[in-house]
Amino acid sequence: MKKKSLLSLLLATCMTAGLLAGCGNSEAPAEEAPAAETPAEESGDAEAEAPAAESSSGEAVTLTVLAGQSTTDAGIEDMIDEALAAKYPEVTLEWECVDWGNDFQPKMQQYMQSGLPDIMIGKAQDVATYAPQGILGEIDASYLDKGLDAARENVTIDGKTYGLVYNALYQGVYYNKTMFAENGWEVPKTQEDLQAIIDDCNAKGITPFASHMVDTWSIGNVTMQFMMNDVFNNDPTWGDKFRAGEVSFSEDEAAQTAYTYNKLIFDNTYPETFSTEQTDCDAKMVLGEAAMKVSGSWSIQNFLDIDESFDFGIFPFPNQTGDSKLIFEPNITIMTSAATEHQDAVNKVLDVLTSDKELAVEILDYTKTASMLKDVTPTFTNPSQADIDAYAADGMIVDVTLGNNQLVWGGFQEENAKDIAAWLQGDESFEDCLKASDGRVDASSAN
Amino acid sequence: MNEKKKISYMEKKMSRQYFLMVLPGFIIFTIGLIVPLVLAVRYSFTSWDGMSAEKPFVAFQNYVDLIKDPEFRNAWWFTLRFTIWNTIIQNVVALLFAVALDSGIKAQKVYRTVLFVPCLISALVVGFVWLKMFSNVLPALNDVLGTNINFLLFGEKRTVLRGLLIANNWQWIGYWMLIYLAGLQSVPGDLHEAAKVDGAGPVSRFINVTLPMLAPAITICVVGITTGSLKVYDLLVSSTKGGPGRASTSVIYQTYTTAINGRQYGYGCAMSVTLVLVLLMVAMVQVKGLKKKEVQV
Amino acid sequence: MSIGKKKKEKEFVPSQPYTKGTLAVQIIMTLAAVLFIAPLFIILNYSFKGKRELYLSSPLALPESLNFDNYAAAFKKLDLGTTFVNTLFYTVTSVLILALLCGMTAWAIARCSRKFFKFAYIYFIVGILIPYQALFLPIYMIGFRLNLTNTRHGIIFMYVATGVSFGVFLMNSFMSTVPLELEEAARIDGCSVFRTYFSVVLPLLKPAMATLVIMQSFQIWNDYLLASLYVSKKQLKTLTVAIQSLFSAQSSDYTTAMAAIVISVLPIAILFLSLQKYFIKGMTVGAVKG
Chain A
1 MKKKSLLSLL
11 LATCMTAGLL
21 AGCGNSEAPA
31 EEAPAAETPA
41 EESGDAEAEA
51 PAAESSSGEA
61 VTLTVLAGQS
71 TTDAGIEDMI
81 DEALAAKYPE
91 VTLEWECVDW
101 GNDFQPKMQQ
111 YMQSGLPDIM
121 IGKAQDVATY
131 APQGILGEID
141 ASYLDKGLDA
151 ARENVTIDGK
161 TYGLVYNALY
171 QGVYYNKTMF
181 AENGWEVPKT
191 QEDLQAIIDD
201 CNAKGITPFA
211 SHMVDTWSIG
221 NVTMQFMMND
231 VFNNDPTWGD
241 KFRAGEVSFS
251 EDEAAQTAYT
261 YNKLIFDNTY
271 PETFSTEQTD
281 CDAKMVLGEA
291 AMKVSGSWSI
301 QNFLDIDESF
311 DFGIFPFPNQ
321 TGDSKLIFEP
331 NITIMTSAAT
341 EHQDAVNKVL
351 DVLTSDKELA
361 VEILDYTKTA
371 SMLKDVTPTF
381 TNPSQADIDA
391 YAADGMIVDV
401 TLGNNQLVWG
411 GFQEENAKDI
421 AAWLQGDESF
431 EDCLKASDGR
441 VDASSAN
Chain B
1 MNEKKKISYM
11 EKKMSRQYFL
21 MVLPGFIIFT
31 IGLIVPLVLA
41 VRYSFTSWDG
51 MSAEKPFVAF
61 QNYVDLIKDP
71 EFRNAWWFTL
81 RFTIWNTIIQ
91 NVVALLFAVA
101 LDSGIKAQKV
111 YRTVLFVPCL
121 ISALVVGFVW
131 LKMFSNVLPA
141 LNDVLGTNIN
151 FLLFGEKRTV
161 LRGLLIANNW
171 QWIGYWMLIY
181 LAGLQSVPGD
191 LHEAAKVDGA
201 GPVSRFINVT
211 LPMLAPAITI
221 CVVGITTGSL
231 KVYDLLVSST
241 KGGPGRASTS
251 VIYQTYTTAI
261 NGRQYGYGCA
271 MSVTLVLVLL
281 MVAMVQVKGL
291 KKKEVQV
Chain C
1 MSIGKKKKEK
11 EFVPSQPYTK
21 GTLAVQIIMT
31 LAAVLFIAPL
41 FIILNYSFKG
51 KRELYLSSPL
61 ALPESLNFDN
71 YAAAFKKLDL
81 GTTFVNTLFY
91 TVTSVLILAL
101 LCGMTAWAIA
111 RCSRKFFKFA
121 YIYFIVGILI
131 PYQALFLPIY
141 MIGFRLNLTN
151 TRHGIIFMYV
161 ATGVSFGVFL
171 MNSFMSTVPL
181 ELEEAARIDG
191 CSVFRTYFSV
201 VLPLLKPAMA
211 TLVIMQSFQI
221 WNDYLLASLY
231 VSKKQLKTLT
241 VAIQSLFSAQ
251 SSDYTTAMAA
261 IVISVLPIAI
271 LFLSLQKYFI
281 KGMTVGAVKG
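Those protein sequence lines, which keep their order, are chains A, B and C. Residue numbers are given in my numbering: position 76 of the first sequence equals residue 76, and the series is strictly consecutive. Residue numbers are given in my numbering: position 202 of the second sequence equals residue 202, and the series is strictly consecutive. Residue numbers are given in my numbering: position 183 of the third sequence equals residue 183, and the series is strictly consecutive.
Simulated from the structure, these hints should not be mistaken for laboratory data. None of the values given here were measured: they were computed from a predicted structure. Where is the CB? At the ideal position from N, CA and C, for every residue including glycine. There's no promise every hint is true.
To be verified - The list that follows gives simulated cross-link-like pairs (lysine-lysine, DSS-like), each with its CA atoms no further than 25 Å apart: (1) B:13 x C:20; (2) A:348 x A:374; (3) B:12 x C:206; (4) B:109 x C:115; (5) B:13 x C:234; (6) A:325 x A:87; (7) B:288 x C:118; (8) C:51 x A:348; (9) B:196 x C:115; (10) A:263 x B:157; (11) A:435 x B:68; (12) C:234 x A:177; (13) A:325 x A:357; (14) B:12 x C:118; (15) A:177 x A:146; (16) B:288 x C:115; (17) C:76 x B:106; (18) A:87 x C:51; (19) A:435 x B:157.
Unchecked claim - Listing some non-contacts, in silico: residues in chain B with all C-beta distances to chain A over 10 Å: (20) 27; (21) 59; (22) 154; (23) 186; (24) 199; (25) 245; (26) 257.
Claimed, not checked - The calculated label-pair distances, taken between Cβ atoms and stated as ranges, are: (27) A:395 x B:77: 44 to 52 Å; (28) C:122 x B:10: 39 to 47 Å; (29) A:192 x C:67: 31 to 39 Å.
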């Protein structure tokens with residue numbers, strides 16, 4: 001009996017607590033958020049009052065933001081909130097943060113039918129997906145001018161720019177500098193150079209590559225890196241030709257070569273790669289158990305967390321012709337809704353993002369990424385920065401958005417990676433793996 | 001005559017009131033589940049991508065494609081194996097545990113709690129925990145023991161099902177065990193005594209006295225485990241993500257990637273419809289079969 | 001856990017002599033219990049480890065010190081103040097609505113023999129046979145058609161809608177334990193159907209309600225798919241959805257994730273441990289031949 005009353009007491013407490021906490025928001029319709037209790041909004045409701053000056057800067061506005069993030073980005077929303085509150089306290093952001101890889105696109109699909117949020121944060125390749133639908137707003141040049149020109153190219157469609165690229169990742173082969181120096185290895189330019197290092201590693205009992213194939217996304221990611229240098233560098237419209245039926249994975253040798261590099265890695269990594277996650281993989285790299293890792297800037301956070309003094313560099317994975325470029329990926333890209341009712345407030349957010357350098361540095365340091373704003377340089381130590389600068393100086397950098405626009409990630413690259421995994425493990429023949437990619441031709445374009 | 005009229009009037013009034021009581025649940029259920037079911041069927045005849053306004057009608061094309069789709073067949077193959085093994089292992093082990101706990105061992109309550117706790121954890125978490133168990137913790141055990149057991153169960157197509165079965169059974173055995181335990185404890189002691197007097201051994205007593213009394217518990221467990229396994233998704237999201245390759249992609253997982261990530265909404269709906277049909281069939285057969293047994297005893 | 005309670009339980013299980021067989025069973029069960037609890041220990045163990053410790057020492061080694069940093073980090077990363085209350089609110093509200101609704105529905109179905117009610121029963125049962133997971137696509141679709149996504153009432157509505165059929169089934173199988181005579185007596189006293197239900201039947205349904213509440217609470221508290229489809233706004237997120245983001249692709253610190261797991265499991269585990277007897281009684285009611 002006592003327990004019964006305890007249960008009911010507990011339930012009642014839960015209920016009250018829940019209700020108290022819940023009421024505040026549950027009654028406010030989706031469009032107007034908690035901030036609705038401010039005086040400005042009230043005056044809007046009371047029709048008898050003189051119409052408030054609509055454009056007055058003091059009017060409280062809540063903007064909805066859909067942010068497709070990778071985990072390394074999670075947390076920047078608080079930084080933006082803080083900076084925004086300092087400069088424009090009247091603008092509040094209502095964040096909806098989702099995983100970019102899995103949930104951003106579904107959310108966008110949903111909002112395309114029910115009305116877009118005021119601001120969307122995704123990746124540069126999203127612009128090509130959504131701008132043609134006519135739902136994205138053009139970004140004012142005054143904000144774009146604060147960003148690097150290089151950032152505009154792949155977010156501009158028919159002369160109009162729909163995305164503000166905020167930061168960038170670099171992708172390539174991270175290598176243990178100390179290990180390279182000790183063994184007298186040079187940064188490889190060609191496949192032969194790379195093979196020589198691999199052979200030397202194997203002879204010395206060093207694992208050539210760290211990898212984490214349990215994450216299918218990682219296979220997909222490195223495959224795109226290979227495709228960039230072996231396929232798209234020679235033929236930027238390979239994807240269009242693929243859809244036109246002119247080329248295919250089953251017949252194109254360059255594309256097949258890109259796929260087979262996966263095998264090279266798989267054959268030269270530790271056996272448990274299909275049970276190893278990124279964190280463990282990065283740890284192995286830092287602890288000197290492997291010499292190289294095909295990856296991207298998202299590994300830096302881990303590298304430095306495990307050992308602040310880990311010395312590493314980056315080079316592009318060598319292609320057949322020995323002219324690989326370092327891969328650069330515009331990452332956080334801010335898009336706005338064409339139909340927003342609060343363009344002023346949206347612009348205020350863009351203003352904070354482009355002109356608050358402290359905020360920019362804070363975000364870049366946190367995400368360990370490179371700046372796409374003029375005159376902003378992150379302050380975190382990035383041992384691979386010297387390499388990046390060298391490739392940049394030689395113009396040996398290529399924007400992966402090109403490849404991602406030609407062959408989309410969700411439904412295509414991502415699915416192909418699963419076949420590659422099955423092939424690597426011997427559960428599927430290489431021919432079937434290629435055929436499966438060919439069979440997905442309809443899903444290879446965003447539009 | 002008058003009396004009859006009065007009764008029928010009363011009955012009418014009452015049934016109206018009964019009707020009012022059923023109505024809210026009926027409406028909510030209809031909107032939340034039946035309408036989606038109808039929608040799924042409707043969309044399954046289109047090639048809709050989930051975004052654009054037009055939903056081109058393609059009749060049975062999606063279903064024709066499904067039959068030819070190796071990924072879809074693979075997803076079913078995985079789901080069926082997962083379901084069958086789960087149903088067998090969970091039922092048997094749960095029942096054995098229940099019998100063991102009911103055999104008069106000490107600290108029954110402690111065991112009960114320990115075995116039950118994993119099911120309080122979300123399947124999502126269970127997947128993540130076992131991913132760590134298989135890839136980090138258990139291999140370290142090899143180092144300690146100096147053995148060389150392959151614990152990397154999620155890393156290979158051959159073993160991934162085993163790994164997932166371990167994770168799933170770890171989570172749910174305690175739950176079904178409790179249901180069996182309650183069934184066992186409801187068996188009146190004098191029934192056993194009577195059987196004992198008749199000279200029945202412990203095994204025959206179990207089969208002839210205990211099992212029949214467990215019939216309702218068995219029905220609940222079998223149906224619960226089967227439907228629970230056919231809809232596996234959460235567990236995969238945080239552990240194998242359907243991999244390696246597509247070796248552990250369940251039907252729902254495949255539907256999700258096809259419809260949402262691959263923007264083939266109509267096709268995905270066709271997948272959903274096949275799953276619904278199978279679920280209906282399986283459940284009907286089971287409920288009918290098991291109910292029959294219940295009635296017989 | 002008081003002594004009085006224990007005695008009571010003993011009455012049900014006739015005490016048996018402790019034989020060799022029982023000893024063997026005891027040993028086997030102890031082993032099983034250790035195996036079952038090991039992963040829980042691992043979670044706890046990880047949750048106290050520092051990031052570097054994670055890579056430099058064996059996963060089996062105990063943490064160097066009781067380090068609560070991960071808990072602090074998890075608290076912040078999960079936005080626990082919000083997500084915890086959200087999850088609690090969704091769970092409690094849905095479950096209470098379900099209890100109210102299912103009891104009523106099941107009783108009406110059991111008592112009225114008109115065709116519609118027979119049909120209604122089968123109609124509801126269909127819902128058990130088709131778990132909502134199989135229909136997540138159109139459920140997701142209908143959600144934003146009706147503006148239910150990213151609202152509190154929306155997800156509660158869906159939890160109720162997807163839980164109703166099991167609830168009705170469960171309650172219905174329980175109706176035979178409600179003596180008709182009592183109801184008839186109430187009716188003769190002039191009670192309406194509603195009065196009869198609320199004053200006579202409902203109190204008798206308490207154990208069944210407990211079953212329902214318990215089974216649905218677990219499901220809703222731990223639900224991932226529906227929550228991930230329906231609520232993604234920061235201030236509406238549930239615990240599981242928030243935890244998932246700690247697990248996902250490039251997450252760098254799973255020690256934080258482990259601490260988050262402990263935090264999320266703790267309340268429901270405590271609830272279970274403190275109300276264990278009541279839980280079990282409720283949960284297993286349907287399984288016992290009545």
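- prompt: Is residue 12 of chain B within 25 Å of residue 206 of chain C, Cα to Cα?
  reply: Violated, at roughly 29 Å.
- prompt: residue 435 of chain A and residue 157 of chain B: Cα distance at most 25 Å?
  reply: holds, 20 Å
message: Tell me if the straight-line CA distance from residue 435 of chain A to residue 68 of chain B falls inside 25 Å.
response: Within the cut-off at roughly 14 Å; holds.
- request: Would you mind confirming whether the straight-line C-alpha gap from residue 288 of chain B to residue 118 of chain C stays at or under 25 Å?
  value: Distance ~17 Å between residue 288 of chain B and residue 118 of chain C Cα, so the pair holds.
- request: Given the hint that residue 288 of chain B pairs with residue 115 of chain C, test it: the Cα-Cα distance must not exceed 25 Å.
  value: Holds: residue 288 of chain B and residue 115 of chain C sit about 21 Å apart, inside 25 Å.
query: Hey, residue 325 of chain A versus residue 357 of chain A, does the alpha-carbon distance stay inside 25 Å?
result: Distance ~30 Å between residue 325 of chain A and residue 357 of chain A Cα, so the pair is violated.
query: Is the Cα-Cα distance between residue 109 of chain B and residue 115 of chain C 25 Å or less?
result: Violated. Residue 109 of chain B to residue 115 of chain C sits at ~46 Å, over the 25 Å cutoff.
- request: Starting from the range 44 to 52 Å, see whether the pair residue 395 of chain A and residue 77 of chain B falls in it by beta-carbon distance.
  value: Holds, since residue 395 of chain A and residue 77 of chain B (Cβ atoms, about 51 Å apart) stay within the stated range.
query: Can the restraint linking residue 177 of chain A and residue 146 of chain A be considered satisfied, given a maximum Cα separation of 25 Å?
result: This hinted pair is violated, its Cα atoms lying about 35 Å apart.
- prompt: Does residue 374 of chain A lie within 25 Å of residue 348 of chain A when you go C-alpha to C-alpha?
  reply: holds, 19 Å
field: Hint consistency between residue 234 of chain C and residue 177 of chain A [alpha-carbon to alpha-carbon, up to 25 Å]
entry: Cα-Cα ~41 Å, so violated.
- prompt: Is the nearest Cβ of chain A still more than 10 Å from the Cβ of residue 186 of chain B?
  reply: holds, 21 Å
In summary, the numbered hints that this structure violates are 1, 3, 4, 5, 6, 8, 9, 12, 13, 15, 17, 18, 22, 25, 26, 28, 29.
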